[in-house]
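Each chain, written out:
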Amino acid sequence: MKTRMFTALVATTTAAALLAACSGGTKSASEGGGGSKTLTLASVDQGSVEDVVKAFEKANPGVKVRYTTSGADQYQQQIRTQLASGTAPDVMSVWPGNGNPAATHVLAKPGYLRDLSDQPWAAKMPPAIKSVAQYEGKTYNAIFGQNGIGAVYNDEAMKKAGLTPPDTWTKLLAFCRDAKAKGTPAFALGNQDNWVTQLVLYAMVATTVYGPDRDFDQKLQAGQATFAKSEWATALDKYLTMEKTGCFQKNPLGTNYEASQQLAATGKTLGIIQGNWVIALLKGKNPQASFTLKAVPATDTPSQTLIPAAAGAGYGVNAKAKNPELALKFVNFVMSPQGMPLFTKKQGSLPSLPDTGFKVDPSLTELSTFITSNRTVPFMDQLWPNAKVQQTMLSGLQEIFSGQSTPQGVLKDMDNDYKAGS
Amino acid sequence: MTLAPNAQLPDRDHSPDPAPGTPPRCARTTPPWWFMAPALLLFAFVVLIPSGRGLYYAFTDWDGLDPDFSFIGLDNFAEMTRDTDAVQAIWHTLLIAVSITVVQNAVGLLLALGVNSAIKSRNLLRVLLFAPAVVTPIVTAYLWRNLLGPDGAVNSLFGAVGLDGWRQDWLGSPDLALWTIVGVIVWQYAGYSMVIFLAGLQSVPQEVHEAASLDGAGPVRRFWSVTRPLLAPAFTVNLMLSIIGGLKLFDQVYALTGGGPGHATDTISTLIYKDAFTLGEFGYSIALAVVLTIIVAVASTGQYALLARSERAAS
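Going down the list, the protein sequences come from chains A and B. Each residue of the first sequence is one higher than the one before, counting from 33 in our numbering. Each residue of the second sequence is one higher than the one before, counting from 1180 in our numbering.
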């Protein structure tokens, strides 16, 4: 009797859990669009969108925002089903560029997103952001925040070593040698976590590939260029030259992201080449220390240096929104000087538009200057046709570092995956 | 997850005591077959139907999202033979499974023999040796990931006692990483094997040992001719559990190295995960899962048949 009761209990619980899992997240969408004062919204910005919604409702009395937040994986699976069945919310999170199921290109191509090119902020977007917010020349994604990759220096450690951040390639290598001679390697590198392997390479690629040729991506798409026979090979070579010169601590492949932060935060290395998001983590590990992000030079002309800066996920408007006016109003609020800082401050990123009145953290001054003077390029993978190219690069870089593969071998593999298309 | 105690044990009599004649059977009525229905229904919904449907997707090019996918026959399986990552992963999986099975059981048996003797504080030792097995694998994996870092506790320890030559890039070197993973798993589960062997050892009757001693058998001979045959059921259980656990190994590998550096420690399970959730190649990764299922089924039934025969021969 007891066993059967238990079986029945398990069966009901399982059924309930399954039903809950199936219905989760679609609730707001199916109920949405009641009155003209209700906006439906699906977001992945858990932890920051709440403040924005509150401020939006306050600025527009009587308006009610019904919103759901979910993790990226779950969201990406959900939103396409909702769009296809006509139950998607008015406003939804959309990723920049291409390469994931809810990215701008993927959703704009079948006509799911409303063209936002006529909105006041669309023309003000810097080119690097615009290139991933657009599909076939039209803007579909209200991207509000961005992140950059640079050398994050531990100010105290630099002072102790008596060194200053280098601004040319030659000085960078000399800096590495000096740092090593003083017993404190220049940069921490946590290549055990494979996503970390790409950051130094991206920093090199920005200047060496996109410096001379800002249209490299179009050429790659048209089949006029390849990774293997382009400046990508030079960039990769510079990455390995840095490794050989001793720019990084010993055994980067055995060091994970967490351990690399520990090294840079406590001054066991002079800094770390990472995204600006690492600064908050470093401060968490060493609250007394201060950090400064600088561009990583890859040539001997400082004015040529570019920073890879990527747009974060933004918001798109459903082409079949039940409340299009309110949807536009919300997106414009997100892109306004009131809305944008609410997001970027909580997320530790920089606003995508100039003149939002956002007070930049002093450690990010250089990144901010590069962004305003249009000296950034998007993260390279955001315009690749599929996710495999990046994965091949990431494991390939680990293989190069452990002597299992060669730079040309990896770049050729990337070319093959790129050609396989979407 | 690996080597979980709830893995199915072979349904047979483990008593090492070869009872003469059949024991009196309890009188029992056979319950009607439909008593199974609720459990069977649940099992069908949770296991059989999803697995069956999953099997179908192995023959498609489904990307996990698009309802428009096509039947592509055996293409996924053909692709596997050309995919060096997959071939490598299958090889790593077999290598890990075999080495874990051998080392873990050898260590487990030695530990069991040790704590079965009259040494001091053996109860405390039993608890300590078994302790790692009750910790969640992912937790021990993260623990070891930090201990085995270039400046981690393990290398620092070697440095402190003057063994600088022993300092290694345990997880960052493609030649070492796989064996480091095997080491971590043996550390965690040797105690588990030990407990099963210990149970077997304690049911070996003392009189048999005494008789053997009187006949002039030394400790090695006594182990080989008395203990070993009587431990046969414990061997069957242990080998079966460790080979299945080794073949489907995922969490420790994923937490320790993520399959890296490069693909140096990828197993079939980590590749299944990456292909499905990072690359969206669901059809292909399900095909890989089918191959893994076949390997596990063949290895475990084959091994079981073999051990059951030797068990019969021993008793």
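To be clear, the hints were calculated from the coordinates, so they are not data collected in a lab. The model shown is predicted, which means the values in this text are computed figures rather than measured ones. Where hints are given, some of them may not hold.
Said to hold, decoys possible - Ranges between beta-carbon positions, derived for each pair:
{"no.": "1", "chain 1": "A", "residue 1": "83", "chain 2": "B", "residue 2": "1302", "range": "54 to 64 Å"}
{"no.": "2", "chain 1": "B", "residue 1": "1224", "chain 2": "A", "residue 2": "78", "range": "26 to 36 Å"}
{"no.": "3", "chain 1": "A", "residue 1": "103", "chain 2": "B", "residue 2": "1300", "range": "45 to 55 Å"}
{"no.": "4", "chain 1": "B", "residue 1": "1472", "chain 2": "A", "residue 2": "170", "range": "41 to 51 Å"}
{"no.": "5", "chain 1": "A", "residue 1": "170", "chain 2": "B", "residue 2": "1222", "range": "30 to 40 Å"}
{"no.": "6", "chain 1": "B", "residue 1": "1303", "chain 2": "A", "residue 2": "397", "range": "58 to 68 Å"}
Positions of the beta carbon are idealized from the N, C-alpha and C atoms, including for glycine.
* To do: State, for the Cβ atoms of residue 170(A) and residue 1222(B), whether the hinted interval 30 to 40 Å holds or is violated.
  => Violated, since residue 170(A) and residue 1222(B) (Cβ atoms, about 52 Å apart) do not stay within the stated range.
* Cβ separation of residue 1224(B) and residue 78(A), checked against the hinted range 26 to 36 Å -> At roughly 32 Å between Cβ atoms, residue 78(A) and residue 1224(B) fall inside 26 to 36 Å, so the hint holds.
* Asked: Is the hinted range of 54 to 64 Å satisfied by the C-beta distance from residue 83(A) to residue 1302(B)?
  -> 57 Å, holds
* Kindly confirm whether 45 to 55 Å is satisfied by the beta carbon distance between residue 103(A) and residue 1300(B). => For residue 103(A) and residue 1300(B) the Cβ distance comes to about 49 Å; the hint holds.
* Asked: That 58 to 68 Å hint for residue 1303(B) and residue 397(A) (C-beta), does it hold up?
  -> Hint holds: Cβ distance 60 Å, inside 58 to 68 Å.
* **Distance restraint evaluation - residue 1472(B), residue 170(A), Cβ atoms, bounds 41 to 51 Å** => 48 Å, holds
The earlier numbered hint that this structure contradicts is number 5, and it is the only one.
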